[in-house]
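Chains A and B, in that order, give the protein sequences.
Counting from 1, one number per residue, gives the positions in the first sequence under our numbering.
Counting from 1001, one number per residue, gives the positions in the second sequence under our numbering.
None of these hints come from the bench; they were simulated from the model.
Please note that the accuracy of each hint is not assured.
Below, simulated BS3-like cross-link-like pairs (lysine-lysine); rule was C-alpha separation at most 27 angstroms, straight line [said to hold, decoys possible]: (1) A:Lys165 with A:Lys186; (2) B:Lys1014 with A:Lys296; (3) A:Lys39 with A:Lys19; (4) B:Lys1406 with A:Lys293; (5) B:Lys1014 with B:Lys1051; (6) A:Lys19 with B:Lys1375; (7) A:Lys4 with B:Lys1449; (8) A:Lys293 with B:Lys1014; (9) A:Lys39 with B:Lys1319; (10) A:Lys4 with B:Lys1375; (11) A:Lys31 with B:Lys1094; (12) A:Lys430 with A:Lys367; (13) A:Lys296 with B:Lys1510; (14) B:Lys1202 with B:Lys1375; (15) B:Lys1378 with A:Lys8; (16) B:Lys1319 with B:Lys1375; (17) B:Lys1048 with A:Lys186.
Pair by pair, the computed Cβ-Cβ distance ranges are [stated by the list, open to error]: (18) A:His167 with B:Lys1018: 44 to 52 angstroms; (19) B:Lys1018 with A:His219: 33 to 41 angstroms; (20) B:Gly1101 with A:Lys4: 39 to 47 angstroms; (21) B:Glu1029 with A:Gln340: 38 to 46 angstroms; (22) A:Thr392 with B:Lys1301: 51 to 59 angstroms; (23) B:Glu1302 with A:Thr305: 35 to 43 angstroms; (24) A:Thr392 with B:Lys1319: 18 to 26 angstroms; (25) B:Lys1018 with A:Glu216: 30 to 38 angstroms; (26) A:Gln340 with B:Asp1471: 50 to 58 angstroms; (27) B:Glu1239 with A:Lys192: 43 to 51 angstroms; (28) A:Asn28 with B:Arg1461: 42 to 50 angstroms; (29) A:Ser34 with B:Lys1460: 37 to 45 angstroms.
It should be emphasised that the depicted structure is a prediction, and the values quoted were computed from it without experimental measurement.
For each residue, glycine too, the CB sits at the ideal point set by N, CA and C.
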Amino acid sequence: MMQKMGIKSVDELYADVPKRFQLKRRLNLPKPTSEHQVKEHVEAFLRKNKSRRDIPVFLGAGCWPHHVPAAVDNLIQRTEFLTSYTPYQPEISQGMLQAMFEYQSVICELTAMDVANSSLYDWASALGEAVRMAVRINNRIDVIVPKIIHPERYATLQTYVEPLKLHIKSVGYNSETGLLDVENLKHQVSEKTTAVYIENPSYLGLVETQVEEIAEITHDKRALFIVGVDPTSLGILRPPGEYGADIVVGEGQPLGNHLNYGGPLLGLFACRGEMELIRQMPGRVIGMTTTLKGDKTGFCMALQTREQHIRRERATSNICTNEALCALASTAYLALLGPQGLRELGEIIMMRTQYAMQQLAKIKGLKTPLFSAPHFKEFTVNFDKTGKTVRTIHEALLKQYGIHGGKNISKEFPELGETTLYCVTEVHSKTNIDQLAQALRNILRRKG
Amino acid sequence: MFQQARWDEPVVFKLGSKGRRGCNLPCVEAEVSKLTSHVLHELPKKMKRNKPPSLPELSEVEVVRHFTRLSQMNYGVDLGFYPLGSCTMKYNPKINDLLAGASGIAELHPNQDESTVQGVLEILYTLSCWLAEITGTAEVSLQPSAGAHGELLGALIMRACHKFNGDAEKRTELIVPDSAHGTNPASGTMAGFRIVIVPSNKNGCVDLRALKAAVSERTAGLMLTNPNTLGIFEEDIAEIAETVHEAGGLLYYDGANLNAILGKIRPGDMGFDIVHINIHKTFGTPHGGGGPGAGPIGVSKELAKFLPVPQIAYDPKRKHYFLDYNRPESIGKIRSFYGNVAVLIRAYTYILSLGGEGLEEAAEISVLNANYLVKRLKEVRGFELPYAERRPRKHECVFSAKRLFKETGVRAIDVAKRILDYGMHAPTTYFPLIVEEALMIEPTESVEKEELDRFVDVLKRISSEAHSNPDLLKNAPHNAAVTRLDEAKASHPKTMALSWRMHQKRNVIKSATY
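Just chain B, same shape as in the assembly (with noise of 0.2 angstroms):
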């Protein structure tokens, strides 16, 4: 059985000795200092630092312990199958990594001369060409440094839109489905829309007529993602188009579901007018333990004048490419510079690798993947599929453990932890919200049958210690770093640590490590 390193790995700050250093800086040379340490003792006195910061003092070969330990209480893809829904968790090519780190990209300047940056901006412009295609929309910004991010750019720029119309006063209403990722609502809130919620109908899909009973004259738009949260394709799509446009609303492609439908459908001809790619989901960069991602947005040509500037252009006249600033009707800056560049290298270089065709597979691969699961999973006692059962899922499953919970008390939590103590990663659990106990299951493209077989085995052997052996699953995980943590604990005001310096001056949280 798997069992994940346990170090008993003391915090920084409980490392070293005083007066330890673990990196020497170049020395100032002896005519500069003599010229210039005045300035030092010039600082004025009430700007100046009296108690050095209180980091830690190692050598570097204590940092490289330390953090090459935590590192092995760490599971990444690279250790095994994890199918946390909803997250894309795919293989991450070596060789995109590799290529990102060259000093061509990672040693350049932001402000550099256009003449000394042509092939990084060559590589940007043809990527936000590609990612143009992909998603059947007409110009692409390449800036936002997340989903979340590109999602509060894409209702920003609906509400820019709003307005240039003048309508912007009236349309203050962004509907989201209750199926909806959270991004959603809290993007669209934080573009001071009022959200409106529209209930899914028993096969998990937009209900029609209650769309249609919510649109109205102050619908600035929609966003959903499709396939939907479920795994299952909205085919009331046209409808839902239709209604949302008629009522002059702008419908907002969520990007996080996008790698079922690569080469297979584009959401700006399903009549999207709005789309963000998850770029660390679908195009196999890796998510660094909660990022960086990057997370660009395609646009209708109606739209694109409102992109963030600058916008990579190229001018085939001087055989150029450069930054351009000139869009008037651009909604400004929603960060520094032009965008996540090293995770969007790492993009240009997977799907120059796969192709159209290799994308195309990617997403069959990951679509098959998943319904072979809900064939196998459906063996499994105390797991249901909820909603349109006979339906094909597309990336991803949901299923339900509610009958487990009933049969046994084993909750969809238990049976995430003892996941983990199979060596694999647990599913997004409890989303959907509108499922039951939920467990959202996306095995990507990258795992061979023989891996999902085994997953099957598990959630089997789960399945029949829930009713064996109840409380193994409660106190699970047993081969993890740690067992079961006390989340609430960190999260109660009387027993909050969320910093060393906090820790220490309440010291409240006391076990037998420390």
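Extracted from the complex, chain A is given alone in its bound form (with noise of 0.2 angstroms):
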């Protein structure tokens, strides 16, 4: 090659580069490896680590553990999938467009929208683009959260929105339900709210009730109403889209995605069909059309003026790469379940979670949950009365008893005391809550 090329050495390639910007050594990195030891020093490492195949854990918050299927796994590593870029020509892409446009119409299925996007980062930074797509339409300048909030999504949306200089302005809670305090919100919303935001099942597991007045009186300004889901709720919840709202968020991580330790998860983005919204979603959207012949229908990405590489510093995002291949794992995954699977998927973690917290609360301190709207997922169970701080306890459960409890959100929350938030799913047998239940009464009668 370098003979045709009239090259003596590669470095010639690199003359141009100044001397001085040459590095002189070589990297301070590790020697190659083979693939042998390379396989033999990772896994080393892995068995430091004790995921929930070795203990259960509690463990949700807004990054779920619940089954894979097999075939979901296996359809996702099918490597003309997985070795693909963004597809950029949709005649060689087909497979993944489609697979694309029926990823948008399930979360469109799922959460009674018209329209949704091929996905963003994760549920936070979707929240972020929600409200920035707020106000590239009405052009207001507050926005309303409630307090109980993902303290994550809370602080992405504000790292999101602060360049466009916007007050996040916080409702509180019913101390009793947990819910939305309806009255607050009305004294807060005003011509100047470019939308209001709710999370439904909350961070703290409760379903809220009030949506109708909510959306009402969001509506009542010509603010936007934009809704944060749980996907796996809706097979048994009214999806956000029958109760009045504009823009939907949502984690899809639980719907066939592995915890990974975080990432990647799948940020759902889903609005209502007007043009006016349409036209300012961030991210990439697939459509369906023809061939130019009209003789055959095929899919591609649509909408492309509203995207950085046309429109650059006028797009509606930067978003580029997005999570493509954890929305194919959720569109297999949902194409498993079929509305049956979701309900009853609903309907087991419902049940479950109840067990749970029916088996904590008989433990004497412990007060589980602190508030009293119905629970979907994850609870609260406080400590205050044990004499125990959640710190205490959580070390016995794993150390003595091998279980991982729940988040600790005392310092989350401060007003909940020494409070944890426990998940509990489909993976979650009878055993293991009543082996945690076992343990925390153990640990609790001990003094000290």
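Fit the two chains together into the complex; they arrive one by one in their own frames, and the hints show the way.
In structure tokens form, the structure reads like this:
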């Protein structure tokens, strides 16, 4: 090759790089390693981890343990999908494009919205994008969020809207039900409000029931109503599209994606079908079309004039690479479950959660849940009256009983005292829950 | 000749049959059910879903066949040459996928006690150190989910830095060359900056005089990729860095083109203050048909305090890896948790396999391959190499089909579509914007000489087809799953069908298939 090119060494191809910038040493990295050694090395590291395969783990809070069907894992390993890029050449990428169209379509069915994009990074960044979209539509300066919100989603929203100099206002909650304080919302919503955001179920697992009032209050001031969802609830819970949501965001990870230590996740994003909204959507959207000859249906990227590679500084978002493969997994997952399966999943989660609350509530000194609204998948457990801290109890559970308890939220919500957030899904059996209850009982019985 | 599968596969909603299921869920134990089934009835009526979602109803085998058929109508790196410029479609080693799928990663919850995740934390910590070494930066955040996400974070860090110095109100302009990736101006705008565009000079590099005229006390920084999108190394980089720094701005390195300089040149050494890395390009992780990727950023020592929380840290006294949230100047969060870990693990494995020597060799071969194509494609009638013809390219080259268009009426898009017929992916087209009828070609290091020669032969044949039978190209592709698509129809408000629900409501897409 070099002969053909008329060069003697590859160095000649770097000759135009000023000498002072040419690295004079080798990078301080390991020596090349054989595949066998790499495997042994990485596996040794992984053995140091304890996963939910080794011990029961009752953590959720934005990343939820669920069973991933073998067929889903298998399909996303098809290398035609796995090793392809963004489908810039649609004719040779019909597989991924059709799958993404189907993904958008199942998300629309789940949420009862008209249009969905083909994914954003995660729920948190999807929320940031949704509020930015609202501002593009109505150019207002306040956004209202619930006080009970995942702190990382709140922090991400802050980062996303800081350049817009938007004010984020928080609406409190009813101390008995844990649901949104609607009176307080009424006071805060105004002509300056770009959007009102709620999470349903909320960060603490509460099913918001005042959705219609919230939608009405929001729309009275012509603000946009944004709803954040855990999609596994939508087999049994009313979809946001039926109670006035203008934009729906959420986390698609629980639909057929593993925990992966928190990433990749799958940002859901859907909105109503008005052009005013569609034109302001962030992210890639796949549309159905035909061949130019008109003889066959096909799929391609649509509305690319919103996107960065065409619109540059006037794009609706800078997003390019998204979470397509995770979206594919979710599509296959939903196709496997179907409407019946999704409903069943919701029911199992709801019953198991209820069972866990019942069993833990029997333990002396322990209060669960803190709020009276219906719970889905997650619930609060308060240890104030046990004389022990969340930290002590957590360590005893983990070290003496080999059980990983819930997430410590005492610092996130100091007003709730020594409180943890527990998560129960279809993967937590009665035995797991009984063991947890027994372990907690033993720990709390002990003095000191 | 190549022929892609054509399955006429219906949309998943048209498959299956009512009541069919492809997956069983664990049964709720009888005792649990007895004690708890009342909650389902107690759910307030107005919050119950009364109409089940119209999801597909398929058996497992139907689902598997559907998506397997779809996969056969999708082209990936494992099928053949994929010279998509600026996307670095190198081979994705299988060992990386195998290890990333292990339960010691896949089944870890991000909020687990640090004592149960020391293995993954050590891997991520080590990876961040390696990436700092490769980029010549002081500290790396692994959090951004993609390159553009890294750009947004980088631009926000610029903003945070100027704010910290009391300059934020003044420094509102971000400078971007006209040859930049579209994400650069889009990310800058999202971070609240006004974009100032500087033109390229006749060598395709940043016009230094224009840059000097553009900088001022309003300059927040410059976003630059080097080698640039023409594959040319910005030789004035020292003066560029000096100009921006003297004006009080920061220098941002768009890492999309990092593959060319691994182990050869480090962005930090060139004066860049912030660098993003496209893990799914440079470090060989599969792109998954659009994602997930990962876009870590490295920054100089002065900027490290602004990185998002948490940083993965190591306490040598306790021999303990931990998540460090105690960073008061941090810009906060840009997403949940710590980054796309399943992607990052693959990068760790990739770097471990290749080592420092291997990375350098990868860069050299990618550059050698691109320059070999430069040399050979000049032989092809109708194709020209605009800008600095005599200078070596780095990882990619941009040819113009302007002359072919003039001679035959065949455009770059037609050439691209015809390449598909020969069983190869097309180069990036119509980018960078400063080249007419652009074909941006990045062969990467994962390709044999014979394949490069075959690509040259294909372009020669296409050139001759353009002269003898231009319609053949204008109607290409002929051998892909579908013939050329009507992309305008997909975006027109009258014919738009962005979901099955929208399609059914409007029923405007009509064709022989459905």
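Cross-check of the supplied hints:
Restraint check: the Cα-Cα separation between Lys165 (chain A) and Lys186 (chain A) comes to about 23 angstroms, which is no more than 27 angstroms; the hinted pair holds. Using a Cα cut-off of 27 angstroms, the hinted pair Lys1014 (chain B) and Lys296 (chain A) holds, with the two alpha carbons roughly 16 angstroms apart. For the given pair, Lys39 (chain A) sits about 38 angstroms from Lys19 (chain A) by alpha-carbon distance, which is inconsistent with the 27 angstroms threshold. For a cut-off of 27 angstroms, the pair hint linking Lys1406 (chain B) to Lys293 (chain A) stands: about 26 angstroms separates their Cα positions.
About 19 angstroms separates the Cα atoms of Lys1014 (chain B) and Lys1051 (chain B), which keeps this hinted pair within 27 angstroms; it holds. Taking the CA atoms of Lys19 (chain A) and Lys1375 (chain B), the gap is near 25 angstroms; set against the 27 angstroms cutoff, the hint holds. In summary, the hint linking Lys4 (chain A) to Lys1449 (chain B) is supported, as the alpha carbons are separated by about 12 angstroms, within the 27 angstroms threshold. With a C-alpha separation of about 24 angstroms, the suggested pairing of Lys293 (chain A) with Lys1014 (chain B) holds against the 27 angstroms cut-off.
Between Lys39 (chain A) and Lys1319 (chain B), the direct Cα distance comes to roughly 24 angstroms. Compliance with the 27 angstroms bound is thereby established for this hinted pair. Taken as a hint, the Lys4 (chain A) and Lys1375 (chain B) pair is honoured in the structure, with Cα atoms around 8 angstroms apart against an allowance of 27 angstroms. The suggested pairing of Lys31 (chain A) with Lys1094 (chain B) holds, with an alpha-carbon distance near 20 angstroms, which does not exceed 27 angstroms. A hinted pair counts as satisfied when its Cα atoms are at most 27 angstroms apart, and Lys430 (chain A) with Lys367 (chain A) qualifies at roughly 20 angstroms.
A hinted pair counts as satisfied when its Cα atoms are at most 27 angstroms apart, and Lys296 (chain A) with Lys1510 (chain B) qualifies at roughly 9 angstroms. With a CA separation close to 20 angstroms, the supplied pair Lys1202 (chain B) and Lys1375 (chain B) stays within the 27 angstroms bound. Restraint check: the Cα-Cα separation between Lys1378 (chain B) and Lys8 (chain A) comes to about 20 angstroms, which is no more than 27 angstroms; the hinted pair holds. Pair hint Lys1319 (chain B) plus Lys1375 (chain B) does not hold up; C-alpha atoms about 54 angstroms apart against a cutoff of 27 angstroms.
Among the hinted pairs, Lys1048 (chain B) with Lys186 (chain A) is consistent with the structure: their alpha-carbon atoms are about 25 angstroms apart, no more than 27 angstroms. Distance hint check: the CB atoms of His167 (chain A) and Lys1018 (chain B) are about 50 angstroms apart, consistent with the given range 44 to 52 angstroms. Checking the proposed 33 to 41 angstroms range against Lys1018 (chain B) and His219 (chain A) shows it holds: the Cβ atoms sit about 36 angstroms from each other. For the pair Gly1101 (chain B) and Lys4 (chain A), the supplied restraint of 39 to 47 angstroms holds, since their beta-carbon distance comes to about 42 angstroms.
Separation of Glu1029 (chain B) from Gln340 (chain A) is about 20 angstroms and departs from the stated range, judged on CB atoms against 38 to 46 angstroms. For the hinted restraint 51 to 59 angstroms between Thr392 (chain A) and Lys1301 (chain B), the CB-CB distance of approximately 39 angstroms leaves it violated. With their beta carbons about 39 angstroms apart, Glu1302 (chain B) and Thr305 (chain A) fall inside the hinted range of 35 to 43 angstroms. Distance hint for Thr392 (chain A) and Lys1319 (chain B): a CB-CB separation of about 24 angstroms, consistent with the stated range 18 to 26 angstroms.
A beta carbon spacing of about 36 angstroms between Lys1018 (chain B) and Glu216 (chain A) agrees with the range 30 to 38 angstroms that was offered as a hint. For Gln340 (chain A) paired with Asp1471 (chain B), a C-beta distance near 52 angstroms keeps the hint of 50 to 58 angstroms intact. In this structure the hint that Glu1239 (chain B) and Lys192 (chain A) lie 43 to 51 angstroms apart at CB holds, the actual value being about 47 angstroms. Checked against the hint of 42 to 50 angstroms, the pair Asn28 (chain A) and Arg1461 (chain B) passes, with Cβ atoms roughly 47 angstroms apart.
Our hint of 37 to 45 angstroms for Ser34 (chain A) and Lys1460 (chain B) holds, since their Cβ atoms are close to 40 angstroms apart.
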